[in-house]
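Asks: In case you want the letters, here they are:
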Amino acid sequence: MAAAALCCRGPCRTGWLPTLQIVRHAKSVTRHWKAMHFERQKLMALTEYIAPKPAIPEKCITPHIKAIKEENGYAKLLRRQVVETFRDSKMIAVCQHNFTPSEEMLRMKYRLRKHNIHVKFFPNEIVRPYLSVSKYKNLLPLFVGSNLMLASPEIKVKEMLQILKNVPQINLLGACIDNTILSNQGVVNYSKLPAMEITQGQMFWPQSCVDWGRAAAVPMLSTPPPKLKNSESEFSLGC
Amino acid sequence: ASGKCSPKLSKGKMAVPKAMVALRHVKSVMVRFCPFQTNVETTRTFLQHVNSKKARASNINCIVTTDVRHDGSEPVVDIMFADGDRLIIKGANLTAAEMLSAFNSRCIAKDLKVEEKTKKKSA
Numbered sequence: 001m002a003a004a005a006l007c008c009r010g011p012c013r014t015g016w017l018p019t020l021q022i023v024r025h026a027k028s029v030t031r032h033w034k035a036m037h038f039e040r041q042k043l044m045a046l047t048e049y050i051a052p053k054p055a056i057p058e059k060c061i062t063p064h065i066k067a068i069k070e071e072n073g074y075a076k077l078l079r080r081q082v083v084e085t086f087r088d089s090k091m092i093a094v095c096q097h098n099f100t101p102s103e104e105m106l107r108m109k110y111r112l113r114k115h116n117i118h119v120k121f122f123p124n125e126i127v128r129p130y131l132s133v134s135k136y137k138n139l140l141p142l143f144v145g146s147n148l149m150l151a152s153p154e155i156k157v158k159e160m161l162q163i164l165k166n167v168p169q170i171n172l173l174g175a176c177i178d179n180t181i182l183s184n185q186g187v188v189n190y191s192k193l194p195a196m197e198i199t200q201g202q203m204f205w206p207q208s209c210v211d212w213g214r215a216a217a218v219p220m221l222s223t224p225p226p227k228l229k230n231s232e233s234e235f236s237l238g239c
Numbered sequence: 001a002s003g004k005c006s007p008k009l010s011k012g013k014m015a016v017p018k019a020m021v022a023l024r025h026v027k028s029v030m031v032r033f034c035p036f037q038t039n040v041e042t043t044r045t046f047l048q049h050v051n052s053k054k055a056r057a058s059n060i061n062c063i064v065t066t067d068v069r070h071d072g073s074e075p076v077v078d079i080m081f082a083d084g085d086r087l088i089i090k091g092a093n094l095t096a097a098e099m100l101s102a103f104n105s106r107c108i109a110k111d112l113k114v115e116e117k118t119k120k121k122s123a
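Chains E and G, in that order, give the protein sequences.
Quick note: the first sequence, position 7, residue 7 per full-length UniProt numbering, numbers continuous.
Quick note: the second sequence, position 43, residue 43 per full-length UniProt numbering, numbers continuous.
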């Protein structure tokens with residue numbers, strides 16, 4: 001009987017009679033925080049320690065040390081790429097980038113890549129600080145809004161303009177060709193210039209003479225003047 | 001590196017709200033600016049919105065031309081509507097939002113006119 005009562009399971013579930021209530025293991029946790037007597041509570045509140053406040057709060061004295069914000073690694077990478085692009089490219093064209101369907105963009109990139117012209121996208125926040133301290137300061141007004149850059153280690157202006165003609169969404173704003181900043185019209189005029197060899201030949205050799213004479217004269221332009229005099233007399237007999 | 005840089009590095013920049021530009025009633029848009037001037041940003045932003053995917057899809061026949069000059073001239077947007085109206089916006093002292101709202105308000109007015117006409121016809 002007692003054992004059955006101690007187990008507190010089985011037939012006891014139908015109802016608990018006070019006389020049959022078990023005593024052992026009735027409560028598992030018995031050590032509860034006991035509230036202080038009310039008078040003791042009052043005494044504790046009165047005798048609570050209040051630390052003396054300094055005349056000048058510490059916040060005003062100690063300097064606020066600002067945590068050094070580390071630069072974003074991606075921004076560093078982009079900046080390095082911008083520097084490399086401007087250093088290694090002889091031709092840099094800046095264009096306004098409006099929405100272009102992906103296929104057209106891909107086609108344009110492919111055609112430009114055949115002429116070793118690379119399409120670069122850099123955020124203005126990266127390019128502008130670099131330009132402001134470099135010799136390309138005058139290109140700063142172009143880098144506003146959505147842009148793209150066409151960079152090439154060679155000067156292929158004609159090819160670039162021919163390809164851009166087929167993409168009306170990309171508008172050429174200006175370019176830096178051979179350390180010379182040109183406007184849109186300047187780039188177009190540059191593309192119409194004849195090749196350097198032809199220009200040198202025209203300068204040195206009169207138009208009435210045969211073309212092979214001009215071609216032969218081009219290497220002479222790089223020779224020093226005393227030697228040039230002797231060779232001039234040799235060529236003048238042919239004209 | 002080719003391709004757009006997707007992480008947003010700019011903070012606290014005033015952005016133009018994504019206004020929907022509809023070119024339904026527009027015959028042609030001509031944007032003229034000198035990129036070496038400092039007051040060209042808003043006109044270029046307007047041009048970007050006019051050339052957006054949704055704007056172009058609203059009217060495939062609309063001709064959008066860009067005239068890039070180097071003569072120190074003021075940036076101008078010349079819009080010719082299909083009904084013969086013309087809107088010239090001088091963007092030197094305007095924000096892109098103002099230019100877009102001026103353009104959109106006229107487009108909405110034309111939409112309402114067309115709706116009224118169709119109602120009268122159906123009635």
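Just so you know, not all the hints are guaranteed correct.
To be verified - Straight line, CA to CA, 30 Å or less: simulated DSS-like cross-link-like pairs of lysine-lysine:
(1) G:K27 to E:K165
(2) E:K165 to G:K54
(3) E:K109 to G:K113
(4) G:K27 to E:K120
(5) G:K121 to G:K53
To be clear, the hints were calculated from the coordinates, so they are not data collected in a lab.
Asks: Could you run down the list of hints and mark each one as holding or not?
Replies: The hints, checked one at a time:
1. G:K27 to E:K165: With a Cα-Cα distance of about 22 Å, the restraint between K27 (chain G) and K165 (chain E) holds, given a limit of 30 Å.
2. E:K165 to G:K54: Holds, at about 23 Å.
3. E:K109 to G:K113: Not OK: K109 (chain E) and K113 (chain G) at ~44 Å, beyond 30 Å, violated.
4. G:K27 to E:K120: At roughly 33 Å apart (the allowed maximum being 30 Å), K120 (chain E) and K27 (chain G) break the hint.
5. G:K121 to G:K53: Measuring from Cα to Cα gives roughly 33 Å; hence the hint is violated.
Taken one by one, the earlier hints fail for this structure at numbers 3, 4, 5, listed in ascending order.
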